[in-house]
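Start from the sequences and build out the full structure, keeping to the hints where you can.
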Amino acid sequence: MCDDSGMTWTVLVVDDHPTFRASARRLLELEGFQVVGEAADGESALRLARELEPGLVLLDVGLPDRSGFEVAEELADARTRVVLISSRAQSDLGRRVRESGALGFISKEQLSGEALLALLDRAA
Amino acid sequence: MRLLRLALGLAGIALGVVAYNVQVDNLGPATTSTRSLAIVAVAWAFLLAGLIAWARRPENWLGPLMTAAGFALLLRQLRYSHDPLAFTVFFALSELSYALVAHSVLAYPSGRVTGRAERALVKAGYASMFLLPLAVLLFYDGSERLRFLDPTPRESLLLVSGNMELALRLQQVFVVFVWGVLATLFIALILRRLARATPRARRILAPLLLAAIVFALRAVPEVVFTFVERPPALLYEYLFWWQIAGFIALPLALLAGMLRSRLARGNVSELVLELDRTPPQGVRDALARTLGDPTLEVAFWLPERREFVDDRGRIVTLPRDGADRAVTRLDHEGEPVAAIVHDATLADEPELLQASGAAARLALENARLHAETRAQLAKVQESRVRIVQAADDERRRIERDLHDGAQQRLVALALQLRSAQRQLGAKADPEVDRLLAEAVDELQVAVEELRELARGVHPAILTEEGLAAALESLTSRTPIAVSLDVSEGRLPAQVEATAYFVACEALANVVKHARASQAAVSARRRDGVLVVEVEDDGVGGAHAEEGSGLRGLADRVEALGGRLLVESPPGRGTRVVGEIPCAS
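Residue numbers (my numbering), protein chains in the order written: chain F, 1 to 124; chain S, 125 to 708.
What the hints contain is simulated information worked out from the structure, not anything from laboratory work. Any given hint could turn out to be false.
As the list claims (entries may be wrong) - Not the full set, but computed from the structure, chain F residues with beta-carbon under 8 Å of chain S: (1) Ala-24; (2) Leu-30; (3) Ser-87; (4) Ile-106; (5) Glu-109; (6) Gln-110; (7) Leu-111.
To be verified - To list a few chain S residues with every Cβ distance to chain F over 10 Å, as calculated: (8) Val-246; (9) Ala-380; (10) Leu-426; (11) Glu-555; (12) Ala-563; (13) Glu-572; (14) Ile-585.
Note that the Cβ used here is the ideal one computed from N, Cα and C, for glycine as well.
Here it is, written out as structure tokens:
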């Protein structure tokens, strides 16, 4: 599932924009991550997280069926690592990022394997 | 009709003298001249009140009813006569006087008995008070003393079979049924009517309470003394005089209550004078005082809109006439001017209403113009609110479009370029790699600029998290030290957006022009008003009229019924205060 010593991180990408999911998958896979699944809404994200047990869930805060923050809280309760993403800046999202239980936040345009690993290292 | 009333009055006086003499002559030591006179006085009180009421309100049956009760009370005394015919006739009819008194009370103040129970009681009263004494006469043979009479025997011309025991039993039945059952029902119906009445009606119906007390004063001793021994003479004497006082006061109270509107009509002339110095907003109060109805409301007819509005220009839907409320429309030359919504009891006094309405017509016309202006202003205000609402909706839509459209495409492009960089890896031409890196950086700048633009249009955090979070985000991005003091909890979207844009514009001015080292933002609710305040320690000298930013915000705040103040003395910083009404 994950690795703390050179093994591959498995990732579930959750976002309602298919173009973003495809771009993120390609980039992360090129940077050594294994994208094990994609979800377009909160309910699918929770189901796939249970089924696939990814090492990391990359989760958009704005989902069509429910708030990404709520989904993050549920996933965090199940001890799943969550990184929140949005095309908005963190300052535009208020304190809910901090209160969601996620490892951290990355603006979508700044997404990279490097940025993810930096967050994971900080959380370790 | 006037002559008839005069003749009745004179006949009443003459009959009173006769009744007095008949009682004194026939009862002998069983009565006193004072007591006889007192009973005649009761009858005369009814007669006098009845004739006055009849003269003042000829259309109302209460006057004739009270007059009839007065005559019946006088004729009742003739039953003491030892003449067989007089005794038989007036004993048979004697108790009808109380039926007429009760009928008068239940018909007060309109002259009509309303209510099924009340009508049934009146019918039962007439029937029992005629039939039971009549039945007594069928068996009374003079061998024993009848109740209410002296021991001297009298002759019943209706005697069928002498049976004193039955005659006395029938008298007992009469007392129990009339003074026990019917009187109790009578008092209960009065109390029910008073309990259900509106405050104005209760004031008018106050004489009924006196009637209930008077009948109770009469009924309780009647029933009690039928079954127990008579009380000591002194107590009996007290009871008698209390009854007399009550029965004299009753017709006078009914008359006074009935003529209240007559007295109120005298107030109409005062109303004319008062309205001369009353502002349009005071017309309702003046009418309410004149008509004695504090619940009165006035609605003004707007011919162009073909609807009624109140004095503040708000649309009024007139209620249907019901048990508590009634509507009187005031017209002038066939055109409606206004409608008065009032206590239903006033509907019994249409002349008073029309007289007051006519007296107030000019003032009402004036007040109507005032209300019309208020209505137009209210419409303009509503329209301003709708414009603000529409602008906010549009801003939210643009922000969403930017977020879901251009921003997403730029983000995807940035990731794709970064993927291309990774794909090429070490094999890439350094020039191509540099170009790709620059393109990614440029895209990130473009995304940030787009984000800034979207924030300016309508910050998503304001919609999603509310004013407190939005101000926190705003102050955290401001490049000088800003302290923040804000109430938690959501407010109507327009209020939050207006407060946010006031703070946003004021802070932008602080950064651009104030040369301040620090600023403070607060947004607190006080007495239904959200007060948003931005203060800095800069150079001051700002004016709300200068530039479109603060002027536009002042318009926006005023559209929501609030106001924007700018205090900016040169050299002493600037303070911008927005006061925005917030119902929640």
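How the hints compare with the structure:
1. Ala-24: 6 Å, holds
2. Leu-30: 4 Å, holds
3. Ser-87: Cβ of Ser-87(F) sits 5 Å from chain S, so the hint holds.
4. Ile-106: 11 Å, violated
5. Glu-109: 4 Å, holds
6. Gln-110: 7 Å, holds
7. Leu-111: OK, holds: Leu-111(F) within 8 Å of chain S, min 6 Å.
8. Val-246: Val-246(S) is indeed farther than 10 Å from all Cβ atoms of chain F, at 72 Å.
9. Ala-380: 72 Å, holds
10. Leu-426: Check passes; 48 Å lies beyond 10 Å.
11. Glu-555: Fine: 21 Å to the nearest Cβ keeps Glu-555(S) off the interface.
12. Ala-563: 12 Å, holds
13. Glu-572: 8 Å, violated
14. Ile-585: 5 Å, violated
The structure fails to meet hints 4, 13 and 14 from the earlier list, while all remaining hints are met.
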